[in-house]
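Turn these sequences into a full structure, and let the hints steer you where they fit.
There are 4 protein chains.
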Amino acid sequence: VARKLTDAEIQAALPKVPHWRLAADRLQRDFEFGDFAEAWGFMSSVALAAEAMNHHPDWSNSWNKVTIELVTHSSDGVTERDVELAQKISQIFNG
Amino acid sequence: VARKLTDAEIQAALPKVPHWRLAADRLQRDFEFGDFAEAWGFMSSVALAAEAMNHHPDWSNSWNKVTIELVTHSSDGVTERDVELAQKISQIFNG
Amino acid sequence: VARKLTDAEIQAALPKVPHWRLAADRLQRDFEFGDFAEAWGFMSSVALAAEAMNHHPDWSNSWNKVTIELVTHSSDGVTERDVELAQKISQIFNG
Amino acid sequence: VARKLTDAEIQAALPKVPHWRLAADRLQRDFEFGDFAEAWGFMSSVALAAEAMNHHPDWSNSWNKVTIELVTHSSDGVTERDVELAQKISQIFNG
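Residue numbers (my numbering), protein chains in the order written: chain A, 43 to 137; chain B, 43 to 137; chain C, 43 to 137; chain D, 43 to 137.
Source of the hints: derived by calculation from the structure; they are not laboratory data.
Predicted model, so just to flag it, every value in this text is computed and none were measured.
Which copy? The list can't say, so a pair holds if one copy fits it or any two copies do.
Computed cross-link-like contacts, BS3-like style, restricted to lysine-lysine with a CA-CA straight-line distance of at most 25 Å:
#: 1; residue 1: K107; residue 2: K46
#: 2; residue 1: K130; residue 2: K107
#: 3; residue 1: K130; residue 2: K58
#: 4; residue 1: K58; residue 2: K107
#: 5; residue 1: K46; residue 2: K58
#: 6; residue 1: K46; residue 2: K130
Next comes the structure, spelled out in structure tokens:
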């Protein structure tokens, strides 16, 4: 099981994941697209990245909007795996 | 724009969509699957049904769990289109 | 049922769908991506566009490569619907 | 790199993957669904399984039909990884 990061470690990690915020003990980011098809294409790539890491987001979608929250449930907090998945998701978003 | 259903109309429609509940002025249902891959396969079929109707769910996913909420934002409430999409989603779930 | 376009009509339509070729009585185009996740994100958006039109591609995928062939089976040839779907697919690809 | 299986090894493996055939030096299987949405839901689950294994199918789709071919390109033939992915795909299909 990945170790829960301390607050200091999370603050040190945040610059590695621009546009992600720490809230409610999770890494969070909102994404907006031109329409549902674009949002869904993005989510479909993210789903693959998540399954490949065997680490899955808590996420929601409403038409062109996607909100992603990352937390390691088994560690009860943010771990290095969340930072890694956040980086991959940002790469997918940046195309 | 579809007309917002009255409370009486929604109560009359609920038997047409078993397992869906009315909450917060929306049709809601929780789904649970064996793993993320199953949940995602279901969501991928639902995404097609939604796009074909040009009527999209507010939904969230956490690994094997999916929660779907249906509301017609432009009508500020539940309409016949939400009932129709709920029926299609249930059909997809029942396979 | 959409009417099968004549050869002259298809030649006149091709400038509307750059990068698509006419071969084997179909509109065809090859796409290449950085990896499978990118290819799959694209395909997931195209799937929505196809379902919304109720007009579906014959397509194949091998890791980062996608080949799409468009034909209207019920008309036994290329129709305006294929041209329209080709345009939508190109828009999705161009992002 | 996984080792290419000998013909004898492939024949011994085939009973582990019912409904799959050996053809053109590949494991192949055809799937048929009720409609495109069902086919696409299946493909979306398979895409996750493939990405998790970092081993991807050569596959094609035409509305409700999906044909999957499995080969390990880097080994120039069928390997244990193809047998494993075939098993996972059959599990997804069987639900």
